[in-house]
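Colleague: If you want the building blocks of each chain, they are given just below.
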Amino acid sequence: MTCQINIVYFSWVKERLGRDQELIVYPAGVETIDDLVGHLKGTDSIYQHVFSDLKKLRFALDQDFVGLEAPLGNSEELAIFPPVTGG
Amino acid sequence: MIKILVRGDDFDAGAEITNLSALGGGAVASFIGQVRGDGELEALELEHYPAMTEKALRKIAEKADEQWALHGVTIIHRIGRLKVGEQIVLACTCSDHRQAAIESCSFIMDQLKTVAPFWKKEIKKDGSESWVEERQSDIDAAKSWND
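As you go down the protein sequences, you meet chains A and B in turn. The first sequence runs 2 to 88 under the working numbering. The second sequence runs 2 to 148 under the working numbering.
The shape of chain A in the complex, shown without the other chains (with noise of 0.2 Å):
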């Protein structure tokens, strides 16, 4: 069984990355963001390169913000972006 989702980029992981959206399909055994996000980089180097440092990236599933551990479950967005800096 594949699923898949939305994924939205925003500030520099956008620039870097070079879009701002994606469909990603993604196969069983892939539950958290954490997961997702080790397939990805397991599909190409450029994902490695702008996720390499978790700890300076934001995650936001149909927008609230959560953990790198959350389930994507039967979520539709799936946002990553560096912290926020508004105000």
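Don't read these hints as lab results, they were simulated from the structure. Ideal placement from N, C-alpha and C gives every residue a C-beta, glycine not left out. Treat the hints with care, since some could be wrong.
Said to hold, decoys possible - 20 Å max Cα-Cα, derived EDC-like pairs, lysine to aspartate or glutamate:
1. A:K15 - A:E78
2. B:K121 - A:E16
3. B:K64 - A:D65
4. A:K56 - B:D141
5. B:K144 - B:E123
6. B:K121 - A:D21
Unchecked claim - Partial pick of chain A residues on the chain B-facing surface, computed with a CB cut under 8 Å:
7. S12
8. A80
9. P83
Go by the hints and put chain B onto chain A.
Modeller: This is chain B only, laid out in the frame that chain A set:
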């Protein structure tokens, strides 16, 4: 009453404060953030996550309203290219008493800096660009409200 606006256009802080004051209460507090010039800076480019921004700001406003029993909250945050001296953000709260208005306004700004999905890029006069990094002092300030 909670009013949230995210837009490129400038805002009239005076008019916003007047509108909020009309809700009653004895105290209105406001904060305006603007682009700080350091000599080298030409402008800031404000990026955001449109699907999430308003939701995140509303959550902050609702938390403030619960904690301080406010008559109203207004949060306006601009996006896009903003030159030195331009207004970026307005947080305004209206309550029965001074302390509630001032504290809730401060709370909103501290939360906004750590959980609202905005990113600032600095554009220098020499044309170079760099993303602003988070500051530990902002993280500590946001956390201090939990203590």
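Colleague: Would you mind marking each hint as holding or not holding in the structure?
Modeller: Results for each hint:
A hinted pair counts as satisfied when its Cα atoms are at most 20 Å apart, and K15 of chain A with E78 of chain A qualifies at roughly 15 Å. A hinted pair counts as satisfied when its Cα atoms are at most 20 Å apart, and K121 of chain B with E16 of chain A qualifies at roughly 14 Å. Among the hinted pairs, K64 of chain B with D65 of chain A is consistent with the structure: their alpha-carbon atoms are about 15 Å apart, no more than 20 Å. Between K56 of chain A and D141 of chain B, the direct Cα distance comes to roughly 17 Å. Compliance with the 20 Å bound is thereby established for this hinted pair.
Between K144 of chain B and E123 of chain B, the direct Cα distance comes to roughly 26 Å. Violation of the 20 Å bound is thereby established for this hinted pair. Of the supplied pair hints, the one linking K121 of chain B and D21 of chain A holds, its CA atoms being roughly 17 Å apart against a limit of 20 Å. The interface hint given for S12 of chain A is met, as the beta carbon of that residue sits about 4 Å from the closest beta carbon of chain B, less than 8 Å. Given hint, A80 of chain A at the interface with chain B, holds; its Cβ is 6 Å from that chain's nearest Cβ, closer than 8 Å.
Given hint, P83 of chain A at the interface with chain B, holds; its Cβ is 7 Å from that chain's nearest Cβ, closer than 8 Å.
Of the hints listed earlier, the one the structure fails to meet is number 5.
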